[in-house]
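Undergrad: Sequence:
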Amino acid sequence: MQLFESYPDPQPKSIKRLNIMVNHAKESNVHKASSTSNSQGSGSFGISDLCLSQETDKSENFVNVCNICFIRTKDGLFNHGKTSHMYSCYSCAKLIWGRTGKCPICNVKIKSVTKIFNESF
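Taking UniProt numbering as reference, the numbering of the sequence shown is continuous, increasing by one, and the terminal residue is 121.
It is possible that part of the hints are untrue.
Listed below are the simulated BS3-like cross-link pairs for lysine-lysine, each with C-alpha atoms no more than 25 Å apart in a straight line [stated by the list, open to error]: (1) K115 / K102; (2) K94 / K82; (3) K102 / K74; (4) K82 / K109; (5) K111 / K74; (6) K109 / K74; (7) K94 / K115; (8) K94 / K109; (9) K94 / K74; (10) K94 / K111; (11) K82 / K102; (12) K111 / K82; (13) K115 / K82; (14) K74 / K115.
Listed next, with one range per pair, are the computed distances between beta-carbon atoms [claimed, not checked]: (15) K109 / I71: 25 to 31 Å; (16) I105 / R72: 17 to 23 Å; (17) G81 / I116: 14 to 20 Å; (18) N118 / K94: 16 to 22 Å; (19) G101 / N67: 14 to 20 Å; (20) R72 / R99: 17 to 23 Å.
Rather than coming from a laboratory, the hints here were simulated on the basis of the structure.
Glycine included, each C-beta is placed from N, C-alpha and C at the ideal position.
Starting from the given sequences, assemble the full structure and let the hints guide the process.
TA: This is the structure we're talking about:
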């Protein structure tokens with residue numbers, strides 16, 4: 001008598017749905033890429049170009065995200081002497097200043113924390 005029979009592990013429904021959604025998204029990107037390349041004529045762009053442009057957009061947005069909470073944008077400056085470092089949002093910068101008192105980049109004592117207002121149009 002065998003107590004444990006070897007059955008393949010069934011995939012949970014959520015993973016199956018996720019796989020279906022990913023496949024559907026890939027197919028729709030392929031259709032979009034092929035329709036744009038056909039309409040542009042000589043300047044054809046493939047799927048790799050489409051993926052590359054999406055990756056650059058994501059990486060540009062990720063550069064401005066707080067390294068502590070990953071929610072808010074970087075707008076807090078750690079001031080120490082004549083130099084400052086921007087590493088996190090203002091809220092997290094104040095917490096770091098209160099807890100450690102040292103800059104997370106160069107480990108120098110922080111004199112103050114400043115909030116940056118960036119109005120780019």
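Undergrad: Would you mind marking each hint as holding or not holding in the structure?
TA: Against the structure, the hints come out as follows:
1. Straight-line distance between C-alpha atoms of K115 and K102 comes to about 17 Å, which keeps the hinted pair within the 25 Å bound.
2. Restraint check: the Cα-Cα separation between K94 and K82 comes to about 19 Å, which is no more than 25 Å; the hinted pair holds.
3. Under the criterion of a C-alpha separation no larger than 25 Å, the hint pairing K102 with K74 is consistent with the structure, at around 18 Å.
4. Between the alpha carbons of K82 and K109 the distance comes to roughly 12 Å, so the proposed pair stays at or under 25 Å and holds.
5. In summary, the hint linking K111 to K74 is supported, as the alpha carbons are separated by about 19 Å, within the 25 Å threshold.
6. With a C-alpha separation of about 20 Å, the suggested pair K109 and K74 falls inside the 25 Å cut-off, and the hint holds.
7. The straight-line distance between the Cα atoms of K94 and K115 is roughly 10 Å, inside the 25 Å bound, and the hint therefore holds.
8. This hinted pair checks out: K94 and K109 have alpha carbons roughly 13 Å apart, not beyond 25 Å.
9. A hinted pair counts as satisfied when its Cα atoms are at most 25 Å apart, and K94 with K74 qualifies at roughly 13 Å.
10. Restraint check for K94 and K111: satisfied, since their Cα atoms lie roughly 11 Å apart, inside the 25 Å limit.
11. Our distance criterion of 25 Å between C-alpha atoms is met by K82 and K102, whose separation comes to about 15 Å.
12. Taking the CA atoms of K111 and K82, the gap is near 10 Å; set against the 25 Å cutoff, the hint holds.
13. Restraint check: the Cα-Cα separation between K115 and K82 comes to about 16 Å, which is no more than 25 Å; the hinted pair holds.
14. Our distance criterion of 25 Å between C-alpha atoms is met by K74 and K115, whose separation comes to about 9 Å.
15. Checked against the hint of 25 to 31 Å, the pair K109 and I71 passes, with Cβ atoms roughly 27 Å apart.
16. Distance hint check for I105 and R72: the Cβ-Cβ separation is about 18 Å, which falls inside the suggested range of 17 to 23 Å.
17. Under the hint 14 to 20 Å, the C-beta atoms of G81 and I116, about 18 Å apart, fit the expected range.
18. A hinted range of 16 to 22 Å for the beta carbons of N118 and K94 is consistent with their spacing of about 18 Å.
19. Taken as a hint, the range 14 to 20 Å holds for the pair G101 and N67, whose Cβ atoms sit roughly 18 Å apart.
20. Range check, R72 to R99: Cβ separation about 18 Å, and the 17 to 23 Å hint holds.
Checked against the numbered hints listed earlier, the structure breaks none of them; every hint is satisfied.
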